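Residue numbers (the numbering used here), protein chains in the order written: chain A, 1 to 353; chain B, 354 to 444.
Calculated from the structure, these hints are not laboratory results.
Note that the coordinates shown come from a computational prediction; the quantities given were computed from them, not determined experimentally.
Glycine included, every Cβ here is placed at the ideal spot set by N, Cα and C.
Some clues are possibly wrong.
Which chain B residues stay away from chain A? Per the calculated CB distances, all over 10 Å, these [to be verified]:
hint: 1; residue: SER368
hint: 2; residue: ASP374
hint: 3; residue: ARG383
hint: 4; residue: SER397
Some chain A residues judged to face chain B by a derived CB distance under 7 Å, without partners named [claimed, not checked]:
hint: 5; residue: GLY155
hint: 6; residue: LEU294
hint: 7; residue: ALA295
hint: 8; residue: LEU298
hint: 9; residue: ALA319
Derived CB-CB ranges, DEER-like [what the hints assert, rightly or not]:
hint: 10; chain 1: A; residue 1: SER342; chain 2: B; residue 2: ASP410; range: 29 to 37 Å
hint: 11; chain 1: A; residue 1: GLU265; chain 2: B; residue 2: ARG383; range: 45 to 53 Å
hint: 12; chain 1: A; residue 1: PRO302; chain 2: B; residue 2: ARG432; range: 27 to 35 Å
hint: 13; chain 1: B; residue 1: GLN407; chain 2: A; residue 2: ILE26; range: 34 to 42 Å
hint: 14; chain 1: A; residue 1: GLU232; chain 2: B; residue 2: ARG441; range: 53 to 61 Å
hint: 15; chain 1: A; residue 1: ARG256; chain 2: B; residue 2: LYS438; range: 15 to 23 Å
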Amino acid sequence: MLEDLCFRASARTPWGSTEPSTSKGIRHYSVADRTLCFQSVDELLDLVHDFLSGYYFTPANSSDLRNQPVHLIEIHRSEPPAFPFENSGFAIEDGYCYSDHEQIVLLVNGSTIAVSAPALNRTDVWLSDTTANRHTLALNNVILYAVQAALRRGGMYQFHAGCVLAPDATRGMLLVGDSGCGKSTLTAVLIRNGWRFVSDDNLLLRDTPAGILAWALRRYFTFAKSALDECELRQFPDAIGPRVPGDRDKVRFYARRAFPESFVETCMPEVILFPAIGTEPQTRIEPVKPGDALARLLRQCPWAICDTATAPDHVRALANLIKQTRSYSVITGRDVFDEPFSIPGLISQRIND
Amino acid sequence: MTDPTFVPLEHIVASHLEDGDGVLVDLNTRQYYQLNESAMLIWSAIENGSSLSQIADQLTATYEVTNERAIASAETLFRQLQKRKLLRPSE
Chain A
1 MLEDLCFRAS ARTPWGSTEP STSKGIRHYS VADRTLCFQS VDELLDLVHD FLSGYYFTPA
61 NSSDLRNQPV HLIEIHRSEP PAFPFENSGF AIEDGYCYSD HEQIVLLVNG STIAVSAPAL
121 NRTDVWLSDT TANRHTLALN NVILYAVQAA LRRGGMYQFH AGCVLAPDAT RGMLLVGDSG
181 CGKSTLTAVL IRNGWRFVSD DNLLLRDTPA GILAWALRRY FTFAKSALDE CELRQFPDAI
241 GPRVPGDRDK VRFYARRAFP ESFVETCMPE VILFPAIGTE PQTRIEPVKP GDALARLLRQ
301 CPWAICDTAT APDHVRALAN LIKQTRSYSV ITGRDVFDEP FSIPGLISQR IND
Chain B
354 MTDPTFVPLE HIVASHLEDG DGVLVDLNTR QYYQLNESAM LIWSAIENGS SLSQIADQLT
414 ATYEVTNERA IASAETLFRQ LQKRKLLRPS E
């Protein structure tokens, strides 16, 4: 029976070496007033550093962290322990998740991530030793899962959405939808028309006494190559980065290099747009009821439901976001490209009606 | 005649929205349910420990419905919520 309640994760030998090093270092990184502490051997800490450099994490000095809660992420090269669970678990993108009411264990790309109960402020990662799973893309994916889980335990919720601000606005507009719905293109059209930006697709949400704040998380945008032409972004060659790993049609775009004065690190959203690509000539903008808007956010944020230790606060944060915003669907027409300068005015006019 | 009361199960997270609608998230099944204004009024009353007759009173005070219709509507919602393991009868 005990065997039925346990699983042993797939990593079997130390990652990258048959001689596990006992000398472990520590590095701290902060984002949006939260700090993560990584503990591992130097080669893995270098891997983490390279990964986090694509995001708005900044190295932090441990002496500056007095009285701040710090979440420890320890990365192991040893075999993971067995984890007993009563539940059968469920599939997630790139892996599987086992969850009880306090901790979750993720099997991602052959590696194992154990996220402890929130009070412990601790996540352990056992990296897989197989060649395929040691590919940078796979390892980055594992680190991202661990980082997101650690941040959730600090009340910071990763959110796939763009965020922009109208030229004179003090509050932000979120663009929410599946990959390919036109978030990045619409963000680019707005920025080209003088709007400021937080991100095209990757934010952190934080529930504060003043309201929900959106923080920039990823440093670069991702654009389909065709969107670079359609949005006339090729005139900023210094901002165009390498191809997105795993997606030959997309490239990185470092928007701050092209529009250095337009970046905003954080803002309080007041509008949510749900873009979709339509086939009609004219863009249509329609109000979305709060219940429908919250349901759409929940679809975009599966961890709000699946990470049981943080789910109540996560759901509450999304509900609070709905309460502080007005929501609209935007069915973009061909005018987005034919008359791009008319779109910002159309959006501003419609949401201010 | 009994006047039943129900309680939400602890794995349910309810979000009350400003237009009266709401969303229930079931952390066990990882499903969520959208409730319209009248259903959310009933859910709020359940959270407050109201009995079926008290809920029917609230419905008749809020909407133009008879007491019989209000009781029938509340009982229908109770059955649907119980079937989905979102609430249980109070002990």
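Quick rundown of the hints versus the structure:
1. Not every Cβ of chain A is farther than 10 Å from the Cβ of B/SER368; the closest lies at roughly 4 Å, contradicting the non-interface assignment.
2. The Cβ of B/ASP374 does not lie farther than 10 Å from every Cβ of chain A; its closest approach is about 4 Å, which violates its non-interface assignment.
3. Taking the minimum C-beta to C-beta distance to chain A, about 5 Å, the non-interface status of B/ARG383 is violated against the 10 Å cut.
4. No Cβ of chain A approaches the Cβ of B/SER397 within 10 Å, the least distance being about 14 Å, so the stated non-interface status holds.
5. With 7 Å as the threshold, the beta carbon of A/GLY155 stays out of range of chain B, its nearest partner Cβ sitting at about 16 Å, so the hint is violated.
6. Nearest Cβ of chain B to the Cβ of A/LEU294: about 5 Å, under the 7 Å cut. The hint holds.
7. The closest approach between the C-beta of A/ALA295 and any C-beta of chain B is roughly 6 Å, which is under the 7 Å cut-off, so the hint is satisfied.
8. Hint status for A/LEU298 relative to chain B: holds, with the closest Cβ pair at about 5 Å, below 7 Å.
9. Checking A/ALA319 against chain B by beta carbon gives a least distance of about 4 Å; that is within 7 Å, so the hint holds.
10. In this structure, A/SER342 and B/ASP410 break the distance hint of 29 to 37 Å, their C-beta atoms being roughly 54 Å apart.
11. Between A/GLU265 and B/ARG383 the CB atoms are about 33 Å apart, so this pair departs from the stated range of 45 to 53 Å.
12. At about 29 Å, the CB distance of A/PRO302 to B/ARG432 agrees with the hint of 27 to 35 Å.
13. At about 58 Å, the beta-carbon gap between B/GLN407 and A/ILE26 misses the expected band of 34 to 42 Å.
14. Checked against the hint of 53 to 61 Å, the pair A/GLU232 and B/ARG441 passes, with Cβ atoms roughly 60 Å apart.
15. The beta-carbon spacing between A/ARG256 and B/LYS438, approximately 49 Å, falls outside the hinted interval of 15 to 23 Å.
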